[in-house]
Amino acid sequence: MDKALVIDVGKCTGCRQCELACSYEHTGTFNPARSRITVFDFHEKARFVPYTCTQCDQAWCQQVCPVGAISNENGVKVVDAATCVGCKVCTIACPFGTVNYEPASGKVIKCDLCGGDPACARACPTEAIVFADVAVQGFEKMRAWAEKTDTAPQASA
Amino acid sequence: MAWARKILRVNLTEGTCKSEPLNMEWAMQYLGQRGLATKYFVEEVDPKVDPLSPENKLIMTTGPLTGTNASTAARYSVVTKGPLTNCIACSNSGGYFGAELKNAGWDMIIFEGRADKPVYLVINDDEAELHDASELWGKSVWHADDWIKEKHQEPMFQIAAIGVPGEAGVLFSAVVNNKHRAAGRSGVGTVMGSKNLKAVAVRGTRGIKVHDQEAFDKAVAGAKAVIAGNAVTHEALPAYGTQVLMNIINELGALPTRNARDVQFEGANDISGEAMHEPRRSDGKPNLARNAGCFGCTIACGRISQIDPAHFSVKDKPQYHHASGGVEYENAWALGADTGVNDLEALTYCNYRCNEHAIDPITTGATIASAMELYKIGALTDAETGGVKMEFGSAEALVAAVDAICEGTDFGKLLGLGSKRLCEKFGHPDLSMSVKGQEFPAYDPRGIQGMGLTYATSNRGACHLRSYTVASEVLGIPEKTDPLVTDGKAGLVKIFQDLTAFVDSSGLCIFTTFAWSAEDIAPQIDAACEGDWSVENLMTVGERIWNLERKFNMDAGMTAEDDTLPKRILKEAAKTGPAKGLVNGLDKMLPEYYELRGWTPDGKPTEETLSRLGIS
Ligand code: SF4
Ligand code: SF4
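So the sequences go chain by chain: A and B.
Using our numbering, you'd call the opening residue of the first sequence number 44 and step up by one each time.
Using our numbering, you'd call the opening residue of the second sequence number 775 and step up by one each time.
Be careful, since some hints might not be right.
[Claimed, not checked] Below are the PhoX-like pairs computed for lysine-lysine, each with C-alpha atoms no more than 20 Å apart in a straight line:
| no. | chain 1 | residue 1 | chain 2 | residue 2 |
| --- | --- | --- | --- | --- |
| 1 | B | K913 | B | K923 |
| 2 | A | K88 | B | K1362 |
| 3 | A | K191 | B | K1059 |
| 4 | B | K1268 | B | K1362 |
| 5 | B | K1268 | A | K88 |
| 6 | B | K822 | A | K88 |
| 7 | A | K88 | B | K780 |
| 8 | B | K822 | B | K1378 |
| 9 | A | K54 | B | K1059 |
Hints were generated in silico from the structure; no laboratory data involved.
Turn these sequences into a full structure, and let the hints steer you where they fit.
In structure tokens form, the structure reads like this:
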């Protein structure tokens, strides 16, 4: 089963535990500035939005990389830091801004799903991020809307 | 580790920013944040200092856990001598500012002197620089936040700032970070304003490590599970915030109403946490838009509200039609029950204004309540209020009064004195519901006896956050005590004071203690920091902090006579509810408390107590 990060914006409280977990997993320190997931605070709209790479099937970043530093490992687009030359072309190509240059390492960084057990999803206290079957990502949303449909019996011709 | 081991000293008179190593010997005795900053403060500042003179200092300080992934590790404190109280002041805030400061590599910032013109401080990791704030002077916190991010092209800045009242000397000005998180009490923002310091903007990217990572992971995971399994921290606080208390405290007959003339408010339910969820008649939307967490918080008690755009307070003011920080319990009480106003939208508007302009909503509401009583008895008239009819229960009067403080009108300047000075000025000092110059919050000591001792002995003037015996007396945490009796409260207050003092020094939020005992907290600190941080040692650290603060206050001129309560609480019995007929029995608790503290009968820490705790 292919799995993906399923994000439910309505549940996010803006606590940054996901950023803490991500940076700890990848750098060994608590450092949201180096997290591969970023939580945006749209304060005036009362909305927090956790945002990260969605692992495109045909990934722009992978396609443009001139040195082949980005590979596809079971659907996950992974940057090989040893190969990356820090040219940043992928950051231009990615339409979503989720691959970024990291000054501290001189390489680009992006979500690699932690090798199959994403730390952010484990850390999230509200289940705003869960790691779930990619084929039924919309399941909970569908269920919620399905429940709202009018249950009154329809007249038959 | 955990500590950044570095402090930033900003001399505003000279315009210099210098780095110096953290005094680790003191860190081992005082942990961090509240305790450690207080130690620095008392070492460096004359207790008799005029709080608004350049000789006073102001410290912004994190704890060793701040910025880690421990639940609620967001906190930072502002320590100074408070102009409202003339005592040590220590106000604590969440949001994202504290963690960012720590991640920039600083345990604390010590501000000294006074800039000759308005400035703001920008910190980018190791670099710290003062900038000209003349374009920001006279502007709100919200404006300053947007302006600084724009100017420096740094959307990731976390910013703490003061508003116009802080510049103008309103004695209960706060420091607000992230637009709606406040280091609220005792006038810490007034001190910042007196130094011509408008704001601090921080970006931190260095990363934080702890001493024993493996033990820390284990302790943090275990403690998070305790929060997730607790009904208060996992259900009540996320759903209702601290506002869950409004109806509970009202039913107990401990909700100070109309300047504490009454102890129950007939409009309590209208301004409660439950009411914030109810669809409004006007637009069908609830007042509450969602809950929110501070950095690292797995409780998320924060309220984000959206005012009804048709409400009179914001009708022609689209700048307030967006979502922002909603009322917490203390704010809803002060702006609402204490003024007799049951209009939730009006309270929300006033709460926005308190955040926008960084004033303490507790003192704001309680001062307005005292003005309403002065008006009622004819001591304050339309001549002074500028025509505002300061009647209890009037939402229009409340809104006009809060606007007056934010805008600095003549009436606003009068209110800006706080209730003690206001009531003295108009000949009725007893109508100020304050201790040591600071107004008490949302728990009437006639209905919750332990809170009387809490207010009377709090080192920063009346305050619930120094020993929240409500936990025990009302909620049964850690065990239930009878709120109507004084027996055993001296010991309870002492334990809560010491526990709170060390929690406030760690970087964690005191609300965790609804779920966590000291046994849940100590292992997290012990793993993060080198040294011995057993429960026993941490309680001693708390006691040390408490006595250091007390000693500073005594040296500043405070005496046992200041450990008292407003006459109304001691002499006028509660008229309704379970506490009907009761006053607060402070005289039964105070001598025992002094004794348990190892203080003389006139409230001075004995030489023996001070030397046992290593305080010279
Ligand atoms: S970084 Fe951008 S382009 Fe690359 S896989 Fe993720 S979303 Fe697609
Ligand atoms: S951990 Fe979950 S609730 Fe917290 S900020 Fe991330 S997505 Fe939001």
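Which of the listed hints are broken here?
2, 5, 6, 7
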